[in-house]
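Chemist: Sequence:
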Amino acid sequence: MDATVAAAPAGVPATLRRLYFVRFAFAAVWAALLFATADTLGPLSTALLLVYPLFDVAAAVIDVRSAKANGGPAVPLYANIAISSLTVAALALAATSGIPAVLRVWGAWAVTAGIVQLVTGAVRRRLGGQWPMIVSGAVSTLAGISFATQAGAGDPSLGSLAGYAFLGGVFFLASAVRLTRGTRRRASPGAPRGPRPPLSEAWLRPGRP
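In our numbering, each residue carries its 1-based index in the sequence shown increased by 1.
Honestly, the hints are just simulated from the structure, not real lab data.
As the structure is a prediction and not an experimental result, all values here were calculated from the model.
Each hint can be trusted.
Pairwise CB distance ranges, derived in the manner of DEER restraints:
id, residue 1, residue 2, range
1, P101, I63, 31 to 37 Å
2, T41, A70, 41 to 47 Å
3, A154, V76, 34 to 40 Å
4, Y79, A48, 22 to 28 Å
5, A70, A29, 25 to 31 Å
6, G99, V136, 30 to 36 Å
Where a beta carbon is used, it is the ideal one built from N, C-alpha and C, also for glycine.
Please put together the full structure from these sequences, using the hints given.
Modeler: Structure below.
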């Protein structure tokens with residue numbers, strides 16, 4: 002931790018830890034459902050595609066409230082809310098055109114949201130447990146480019162989006178675990194060492210020559 006950065010309020014890691022665990026659970030369930038319907042763009046898969054960025058908006062709103070209550074940075078979170086909200090509308094339109102259009106929109110979202118996530122993790126590094134978020138942001142950016150490439154393939158599928166979501170959930174889980182360990186270390190520190198006596202006092206103790 003950078004010694005020049007003030008300690009984070011205790012409530013922030015606890016809020017993020019719970020939020021990250023929820024996001025992992027949601028991503029795992031969502032990925033399983035989408036993977037089961039990845040070959041076609043039907044009503045269920047379309048609903049799942051819209052639910053994911055909507056959930057991202059809801060999670061970001063909770064994150065913003067926690068950040069504002071504890072004096073943390075909220076600007077990247079507002080950017081995330083705006084980007085994900087626009088993505089919901091863009092996906093609704095893309096779903097009427099087919100899987101390639103969906104992959105292109107999702108790819109653009111993955112790139113922009115990944116950059117925002119990387120910046121957010123870097124700004125929050127003093128909270129601990131943010132390196133998985135930084136790595137996740139970088140991976141999301143690269144994955145977004147690959148989605149755009151897949152859109153031009155002969156037989157595009159939504160299966161890659163399921164894998165992307167699950168991997169993102171794993172990164173959230175890793176951050177949650179790191180935050181949990183950090184909280185436990187702060188809650189049960191080792192016994193503090195007392196000040197060492199001056200050299201003159203040490204020599205005056207009984208038993209010293």
